[in-house]
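*Asks:* The chain contents come next:
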Amino acid sequence: MIQSVLIILISVVILVMAFVAIYHKSLQVAVIASGIISLFASVAYIFLAAPDVAITEASIGSVLTVAIFFYVLNKIRHEDIKK
Amino acid sequence: MIQYLEIEYITVFAGFLLLMVGLWGIISQKNIIKMIISFGIIDTSIHMLLVAIGYIRNRTAPIIDSAVSKSDAVDQITDPVPQALVLTAIVIGVGITALLLTYALKLFRQNKSLEINQYNSLKW
Amino acid sequence: MKILRNSLLLVVIGTMTWMMFNLYKDYDSRTTLNETASYYAEKGPDETGAANLVTSVVVTYRGLDTLGEVTILFLTAAIIGLLLRTEKDSKTVPLRQSSEFLITAAKVLIPMITLIGVYIFINGHLTPGGGFQGGAVLASTFILLLISISQRKIGHRLLEFTEAISGFSFVLIGILGIILAAGFLDNHILPLGKFGHLLSGGAIPVIYSLIGLKVGAELSTIILELNQIQRKDDTIS
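Protein chains in written order, with our numbering: chain A, 1 to 83; chain B, 1001 to 1124; chain C, 2001 to 2237.
Chain A extracted, bound-state conformation (with noise of 0.2 Å):
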């Protein structure tokens, strides 16, 4: 009962965190929250009884992926300044 309500709390969260990452007009703010989904998501492979995938998930999706779009965004910004 008590992982039923963990999980439906872990979804909105998620599904918010979705709209936030379309609809924000903050580019660095969108890749934080496609991060955060990254790491719920995370917490529920753990509640699926899938640890090895939980660690994969958490430390890509969380880590990587954001480290990457700010190199990049970083990029782009520096060449907009310049121009």
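You may find that some hints are simply not true.
Straight-line Cα separation of at most 25 Å, PhoX-like style, residue types lysine-lysine; simulated pairs [to be verified]: (1) C/K2088 - B/K1106; (2) C/K2153 - C/K2091; (3) C/K2194 - C/K2091; (4) A/K25 - B/K1112; (5) B/K1123 - B/K1106; (6) C/K2232 - B/K1106; (7) C/K2232 - A/K75; (8) B/K1123 - B/K1030; (9) A/K25 - A/K75; (10) C/K2088 - A/K75; (11) B/K1112 - B/K1123; (12) C/K2043 - B/K1070; (13) C/K2088 - C/K2153; (14) B/K1030 - A/K25; (15) A/K75 - B/K1123.
Source of the hints: derived by calculation from the structure; they are not laboratory data. Everything numeric in this text was worked out from a predicted model, so none of it was measured.
Could you slot chains B and C onto chain A? The hints should help.
*Replies:* Just chains B and C now, kept in the frame of chain A:
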């Protein structure tokens, strides 16, 4: 009806909804970076769907240690095949995101804009 | 005009939602394992010698998928290195010096995180973990290293060497499996050992360690390429 409030039903439902939200994001947004973020959201939703389909109620992770013994592993573990498939898919997803972002950077250097309305040189 | 476009998009998304709902309506969760999974659960620990069943599926039963995935990662790193190539004599942009706090903390944290990453992929066949997870943690260590020493250049010879040797050894072990044992990437080329110990599972620890090093080196190469372009100031692409 109360049966539909178990973990795997909720996760499959959330996975399908997230798939629709990601698809809506790809179609309706004009910024290329937002389209790449929506693509990542679609990826995450498919992975959630795959792992949730392989879940069996009241069973534990497919690792044989003090909790699960070798002889009755058939009755106590969840399905290990979808987890192995999703493991590979997550790593490929990050490779695809890196490639998409490199293409977006090259396009930005070409046309100095991140809106896809400016890239209509292939339209007839 | 905007309302017409949004309503048309809503119609498209609504149609797809209705199709997905028809798929969801007949979904019943399973109560027993299907045939393939029961075979892996019954015969997996004795045939492969690994305690982690997901590891035995990824490395031995479906080893060709892992080979394809390693190939795709190699292609990605090569394409990104090709596209982001810069001229040798373009001007360099001075980067800001990192703060003292970050440099000191990085000096303490980087060996520990590397140790955790190596532990994760060495014990991949006993506990949750494995090559991909350990490689991702090693790439995170590399990000911390790049942020904390932003003034200096980093040579990438060690990364290229590690990646090349790991990939080559992985394929070599696969071919050794054809010669000495039953098939490609079979793990019976080394003795199976006692179940649950570190040196059990035949060639599975060796294969997974090589995969962990290769994935870590490849993701680090992607991060390094994206970092090199921050220092270049080229106006013509």
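*Asks:* Please flag the earlier hints that this structure goes against, numbers listed from lowest up.
*Replies:* Hints 3 and 15 are the ones this structure does not satisfy, whereas the remaining hints hold.
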